[in-house]
Amino acid sequence: MAHKTYQYCVAENWGKGFITHDDSRKLEFRSFPGNVWRVNAHNQDANRWIAGVNGTHKTLSEAQAIVDAEVTQAQADWDALPAEQKAPSAGFEVITRPEDITLEE
Amino acid sequence: MAEYREIQGAAVQSLASSTGTITGQIWYDNANGVFKLESFVPTSVFASGGTYPVTGRQVAQATTSATSGFAFGGVNAQPGAGRTNASNTYDGTTWTGAPTVPQAANHAGFGTPTAAVAAGSNSYPPIGTFDNAYSWDGSTWTTANPMNSYGRTNSGAFGTQTAGIVVGGEPAQTTSREYDGTSFTAGPATNVTMSGGSSGAGSYASGAALAGNPSTQFEEWTGTAWTASTASPTQNAYGFSAGQDSDNFLSMGNLPGGSMLWNGTSWSTDAVLSTVRASGAPVGGSTVSSALVVAGNDPTNTNLTEEYTGSGPVTQTITTS
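Quick note, the sequences are listed as chains A and B, same order. Numbered according to this note's numbering, the first sequence terminates at residue 105, and the numbering increases by one at each position without gaps. Numbered according to this note's numbering, the second sequence terminates at residue 1321, and the numbering increases by one at each position without gaps.
I should point out that these hints are in silico values taken from the structure, not numbers from a laboratory. As the structure is a prediction and not an experimental result, all values here were calculated from the model. Any given hint could be a false lead.
Some chain B residues well away from chain A (every beta-carbon gap over 10 Å; in silico) [claimed, not checked]:
#, residue
1, ALA1031
2, GLN1103
3, GLN1161
4, THR1175
5, THR1182
6, THR1224
To give an idea of the chain B side of the interface with chain A (calculated C-beta under 7 Å), a few residues [what the hints assert, rightly or not]:
#, residue
7, THR1043
8, VAL1045
9, PHE1046
10, SER1048
11, GLY1050
12, THR1051
13, THR1093
14, ILE1127
15, SER1274
16, THR1275
17, THR1300
18, LEU1304
Even glycine gets a Cβ: it sits at the ideal position worked out from N, Cα and C.
Generate the whole structure from the sequences, applying the supplied hints.
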């Protein structure tokens, strides 16, 4: 059975105190669309952090489904943009079409 | 119980500032009435900050540290929904609404929370760049002289309200503008083309800028000229930057592998944002010791703030909590 590097949860970032400097020194955090958070697997500090932020554990496939739904919506929003907003020469930043995200185990 | 004098060999000093203190020393800040500790941060980190009141991207900043922030303007969350004129101050915990910028746009911003400039950029709808500029005195925005036919958007900017630099932007060119508190004048040309998503940091005397999307080119500002420097190992299109001079420059934002720190000689990998994001804005007067990342696109627009604390000596306030 493959050894998991990461675990996933859904938690709403309320701002100050959600991830502290101490958390950040101990753990590797990464957020994804849909309030999906990735932290270290098999780690007591990570488990305590998830509990502390009232996070809901998600399996890899559950987390992937949440992210996919958000990215699909973002891609649809991008597709609906006027052509002038996709053109850098028009005085806008280059807004690239959101790419699919594949979560790591 | 042992007293501090017995442990440390000296009484707690009453001082007006941390000047002359050493790592591990506790001292009384008589200017603010609090005890402080001279500590050392071994590793650079990001931590969550107060949620920004606006969800969007390209919010300009005139921030001086992670506890003294000022952000304004930007692009609203919904595609095609236009720009925001919101401005907000940050005290290290909470963003608080401030008077709105006269023109809703994703400005280039520089200065400090009490003396800032919102310069040019674009508005939508209708589409188009503009050269209007606005000056902030800590309580009100007033109209400033325009940007002398700059006509670019998503530019980098740094410096103070009386000595600022605007560089790069869309459409890509090598031109720059200097601001002396009254007028914008044409500045020296950069060596490479600086495009949209450029980000700069530093002061008028010494600064630096990344060349924007899709370049990794990096230039240092000497106070009188731009000089080509070592390219960043990784592209940070539409990212954020902070730094006090050309030897201390931090590139943050769209870098999943970690922020990149320039020390005047080489680039090194630094702390990783928990929410990696593009479409940021220059952080203005921040340093590589303390800075803010506000809003952006991950690829959905976000209102999250992250506070950066660089490694090295730091003064901490002692509290009972």
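- Item | Hints breached by this structure | Going through the list in order, the structure violates no hint and respects every one.
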